[in-house]
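A.B. asks: Residues per chain, in single letters:
There are 2 protein chains.
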Amino acid sequence: MPEKRTLAIVGATGAVSREALAILDAAPEDDPLAQLDVRLLGSPRSAGQTLTCRGRDISVELFTPDSFAGVDFAVFAAGGAVSRDMAPAAAEAGCVVIDNSSAFRMDESTPLVVPEINADLLTDVAIGRGSILANPNCSTILAAVALYPIARALGIERAVISTYQAVSGAGGPAMRELLAQTKAVLEGESARGRIFKEPCAFNLFSHDSAIDPESGRNVEEEKMLREIDKIFASADEPVVPPRLSCTCVRVPVLRAHSESINLTLRRAAGERELREVLAVAPGVRLRDDRANNDFPTPRKAEGGDEVLVGRLRPDPSQDEGRGYDLFLSGDQLRKGAALNALQIARRLLERG
Amino acid sequence: MPEKRTLAIVGATGAVSREALAILDAAPEDDPLAQLDVRLLGSPRSAGQTLTCRGRDISVELFTPDSFAGVDFAVFAAGGAVSRDMAPAAAEAGCVVIDNSSAFRMDESTPLVVPEINADLLTDVAIGRGSILANPNCSTILAAVALYPIARALGIERAVISTYQAVSGAGGPAMRELLAQTKAVLEGESARGRIFKEPCAFNLFSHDSAIDPESGRNVEEEKMLREIDKIFASADEPVVPPRLSCTCVRVPVLRAHSESINLTLRRAAGERELREVLAVAPGVRLRDDRANNDFPTPRKAEGGDEVLVGRLRPDPSQDEGRGYDLFLSGDQLRKGAALNALQIARRLLERG
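In order, the protein sequences belong to chains D and B. With the numbering used here as the guide, the letters of the first sequence map in order to residues 437 to 788. With the numbering used here as the guide, the letters of the second sequence map in order to residues 437 to 788.
The shape of chain D in the complex, shown without the other chains (with noise of 0.2 angstroms):
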């Protein structure tokens, strides 16, 4: 009987912690995810509550430097500011650390994984031995998990991407606000909100991050090129990560991401072949009927675990072969944030 192991997620009662809780909720017997003994860690705010896993009451403790000790595993998802201040303690303690957030996900020591591509980094990794994990940015990890297959097999030597990015990606209040400006929206009030400057209510815009006046880039498009860059170079079989162009726009969508993608292989190759590729690719499920118009959309992707791939075709504006585009909807809090988290540990806890 192996040694009975705790995880703790900080940030207990946000949306990534809450879904965190979903999966494990539902994890087979078999699966070692449902044999974590699992604590909460939170703010004042949420210090008391109680939230319920695998059909246990689990009362959310408050978060101090002295909560780590006993813990295996520490899933961070309260924000950069809160990862930057603790996690170095939590690893110090001999936690390994899975950061949602991006404060780590540069640092070259720290292993941007996503296991379907890099699983290998975990090597280095071991159970009682303090380390810091960090979980990629959501739109990131959807696209790296369809484009992966792809490089490796064919090649990509660009990446055209234009997002449409759900806003739970801004956490629980912010699909709160989009639910509630939408209710006032349709009673004639006016379409006001806190979370976000522009009004998300049938509406949608440029992502809400940060603008640098040189490149132009938002802090959410620069994430995508850094990280897709990292993961592709750190892969189990390292490809040349492709050159990439990334637009990200939220629309009114609750929690799922979609992506259109516009690709440049290296080397011409038939549909078929790109089929073929994908219909085996981890944590990828091809949704693509031409026939009855049935492709990936937020809604098919909501609550499920695999990255929706359709609306593959040949792009007509590049040579033979060489151009494909694709279009691919992924639920942002689970394959986004933390299913990828929880697959982390898993694999970790598989390995013993």
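Rather than coming from a laboratory, the hints here were simulated on the basis of the structure. Since the structure is predicted, the reported quantities are computational estimates derived from the model, not experimental observations. There could be a bad hint or two in this list.
Identical chains share a label here; the pair holds if one copy fits it or two copies do between them.
Here are the simulated lysine to any residue pairs, SDA-like style, with alpha carbons at most 25 angstroms apart [to be verified]:
{"#": "1", "residue 1": "K619", "residue 2": "E634"}
{"#": "2", "residue 1": "K619", "residue 2": "A606"}
{"#": "3", "residue 1": "K633", "residue 2": "D724"}
{"#": "4", "residue 1": "K633", "residue 2": "D725"}
{"#": "5", "residue 1": "K633", "residue 2": "R721"}
{"#": "6", "residue 1": "K633", "residue 2": "L622"}
{"#": "7", "residue 1": "K633", "residue 2": "A727"}
{"#": "8", "residue 1": "K633", "residue 2": "G530"}
Use these hints to put chain B onto chain D, whose structure you have.
C.D. replies: Using the frame of chain D, we list chain B on its own:
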């Protein structure tokens, strides 16, 4: 004193017709559009209804083959089938038909008109002499207005377009469906609709037009490819049309389309040069404030006449000066439909 001209709108109670009335209603006295005698033609279902324009009640007349006597301009906004059936008869009766459907757009003999680009096509058209002119597809018009000036000044080799299309493109009933379905979802009911197969509330989906089983492109994407080609090739200063790839997506927005566009220029140009081109481009307004994160959105475009263009920035994946990204929003019902049609009428009226 010039002769009083008559403009008839076919499809009188539809969303495009209502927008045309709003534009006519707001036209200043010295606008030739303000002098038009407006008639409304509709189906038995809408005949007898009364709409108002410039303080005058206008009763919807039953649309019959005899409706065109004494009509100078006939704006068809009742779908492709009605246009195919009736536009030739209207032209035979001496009307200048401005057809908002796709029925005649790709006919070799039919001018496909965006007045900012190819108004010279109107040289051979005269009031009183029957003819059919086509209004391009809404997404096409918005892209063409923004891209043509760049193509003329700098040359565009290739453009990759991902759209964020409002439901108004599917007409007034689709707008009502979005509102009703959203209300239902907020009240905990299921997201059922009749216009769209996919749920539209808090969701998005690949454009609901049929997919060609061979190319994988839907009808909307095919329209954009072909129409932009035809418009650019027939421009007053013709340009080599760019190679294009389009991905058309419907979003839960009421009436303004947005487009994320990645450009490859024919020759390297500085960002400032591109800005200068767009700053004086007819029908375009630059809205591109990086410091305040103030860029085009559907809400900002709604009810306006111009195509808002922003997020203009170099594409880091292309050779310096050759690649640029931009984002645009424009009112689908105005420049995408009613306004473009009325601008055509205005040009002909001004010429007398």
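A.B. asks: Against this structure, judge whether each hint is valid.
C.D. replies: Here's how the hints hold up against the structure:
no. : hint          : in the structure
1   : K619 <-> E634 : both (16 angstroms within a copy, 21 angstroms between copies)
2   : K619 <-> A606 : both (19 angstroms within a copy, 23 angstroms between copies)
3   : K633 <-> D724 : between (36 angstroms within a copy, 16 angstroms between copies)
4   : K633 <-> D725 : between (38 angstroms within a copy, 14 angstroms between copies)
5   : K633 <-> R721 : between (35 angstroms within a copy, 21 angstroms between copies)
6   : K633 <-> L622 : both (19 angstroms within a copy, 23 angstroms between copies)
7   : K633 <-> A727 : between (41 angstroms within a copy, 13 angstroms between copies)
8   : K633 <-> G530 : neither (41 angstroms within a copy, 52 angstroms between copies)
In this structure, the one hint that does not hold is number 8.
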